[in-house]
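Protein chains: 2
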Amino acid sequence: MTSKEALELVKNDIDMVEQFLKDDIKTSVPLINEVILYLLSSGGKRLRPVFLALSAKLCGYNGDKIPAMSAVIEYIHTATLLHDDIIDGAKYRRKRPTANSLYGNDIAVLCGDFLYSRSYITLTEYGAKDVQMILSSAALTMSEGEVIQLLKTGDINITFDDYIQIITRKTAVLFSAACEIGGRLAQVDENKIKALKDFGYYLGLGFQMTDDILDYMGDPAVTGKKNGTDLFEGKLTLPVILMLDMVSKEEKQTITDLFTKKERNEKDLEILLSMMNKYNMKEISEKKADEYINMSLNSLNVFENNQYKDAFIALALAMVGRNK
Amino acid sequence: MTSKEALELVKNDIDMVEQFLKDDIKTSVPLINEVILYLLSSGGKRLRPVFLALSAKLCGYNGDKIPAMSAVIEYIHTATLLHDDIIDGAKYRRKRPTANSLYGNDIAVLCGDFLYSRSYITLTEYGAKDVQMILSSAALTMSEGEVIQLLKTGDINITFDDYIQIITRKTAVLFSAACEIGGRLAQVDENKIKALKDFGYYLGLGFQMTDDILDYMGDPAVTGKKNGTDLFEGKLTLPVILMLDMVSKEEKQTITDLFTKKERNEKDLEILLSMMNKYNMKEISEKKADEYINMSLNSLNVFENNQYKDAFIALALAMVGRNK
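Going down the list, the sequences are from chains Z and G.
Note that our numbering has the first sequence beginning at 1, numbered continuously upward.
Note that our numbering has the second sequence beginning at 1001, numbered continuously upward.
Isolated chain Z, as found in the complex (with noise of 0.2 Å):
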């Protein structure tokens, strides 16, 4: 199955998604109204609710609550997203200025907290319990992992573990609790539901560092965003760390000092990226998120071949960009 076969299997849920949204975000503020919409319609590829659908799809559920449970975790993605463009003082995202650049930070804060309550008020009108609980955990855990990642900017020491328990808090828990919810929806047994978190749990780390990967190493034309903000950013990821462990001493002086100093510049990336050259860290880092998408294609041992896990095979390859 090709990853466009994946998504047509889930067309029809992802247009009542978007639907959904249109029709939920209600204020008496037009600029909220504004800014909100020009959030939810930037081409983000709603990742997160076709892994919701196909989950309980996959488990044979029929109900109604995709498009409400996917609206409740596009709110949490896009408010986490507009307070990290704040933090970190993007002004692109997806080729299009982000919302603080276009309208500042005051209201870019504001609208992310909008976000948040608007992503309650769905959950308490259409979820269950159990659901509410995953859901308002998971963007608690969101918020830890920013905090551990702006304490580890900078950070040489960082190790392997640390990058790990970011990116679990950044992405992971997320993409775990859209499968979740679909198995909670379908209710199906236990055993399947940790089958479907440990699922989106690794998906979520491999299509992290694939992104971070990509971040130095993509092509600007198809990512929408120049190489190397995570060195300007002064943030350690996947290439950077696992460098780390292969360089001379020199080297490693090199990338201390280039990540310790106050502000990098394009002269700077190009220092490291001939040094991930040198070093092939693509392949090697490519390989360690290939391990990671492979941990969650073998979560799904536990379901029936049918064309909903041929759907999740082909999506979660797609994101390491194996069938591309």
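These are computed hints drawn from the structure, not numbers from a lab.
A few of these clues could be false.
Which stretches of chain G does chain Z cover? Using the computed rule of at least three CB atoms under 8 Å from a CB of chain Z, they are [said to hold, decoys possible]:
hint, region
1, 1079–1088
2, 1116–1128
3, 1132–1141
4, 1146–1155
5, 1205–1218
Cβ atoms here follow ideal geometry from the backbone N, Cα and C, with glycine treated the same way.
Using the hints provided, position chain G relative to the given structure of chain Z.
The following block gives chain G in isolation, referenced to the frame of chain Z:
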């Protein structure tokens, strides 16, 4: 009854709220713990928990949910203060440095997000669906209020109705929610629920008006902040809005110039204060706040006279300084 005696009636409840808050904050990130404890131990008066507990007792509630519901309200209240202080660039609150000035804006944004999520987790764990909806809607409305306030900053054409709309959202909805929840916990009839909602709503308005009067004409040794922050931030509040209807054309131009120029200084504050003095704005504004407190007290007519009702009256009067 004095306000001190009124507080004595719910002292046990508030002690339990304090204990609940200490036990409820669970995070594996020490810095978040530190920031949250700093915020929660700031010497806030726990006014909203006091009114929640009093409302519950007035309605004969004997259950154990007052601490959890109060904690949720304090989390939401604290999260909004945290984000407001960032937006206002505030350096002090209640005589202590703000979290944004101590820990930086980035950490303050994320700790606010943490608190919103924490509030929803506790709300899911302890709250029935009606209470969940009341509080998440209140949080949403508060973020809208902050946006409206931002948009009206420096807007000399702001009306009294605009002002009521802003302080309804910023302050009154959460007081109203606190009182309503007391009644919902006790499961009293809708007539009493409406009375409690109205009481909290008008109380919140009167309280915010008093706060806005004190901002210009309070004693900094008591309020813990220097006078005129609303002027420095370009916010038009009660004393100015009421005065705009009374002044001469020339004076109106002076006020316009003050609020529309780029920055304001102590000299500008002197000009404005002397005009307020000339037009007797302290007394006129206090009379307006009194009107709202009287409306809040009138809402209580549906309840029989007892010590809890007396406590409401004593505290409402204390909040506009009428029994000092």
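*With a Cβ-Cβ cutoff of 8 Å, does the region 1205–1218 of chain G contain at least three residues near chain Z?*
violated (count 0)
*Given that the region 1146–1155 of chain G was listed as covered by chain Z, double-check it with a C-beta distance under 8 Å for 3 or more residues.*
Result for this restraint: holds, n = 5.
*Examine the region 1132–1141 of chain G for residues whose CB is less than 8 Å from any CB of chain Z, and state whether their number is three or more.*
holds (count 6)
_Is the coverage entry for the region 1079–1088 of chain G by chain Z consistent with the three-residue Cβ rule at 8 Å?_
holds (count 5)
*Stated coverage of the region 1116–1128 of chain G by chain Z [criterion: 3+ residues, CB within 8 Å]*: holds (count 8)
Of the numbered hints listed earlier, the single one contradicted by the structure is hint 5.
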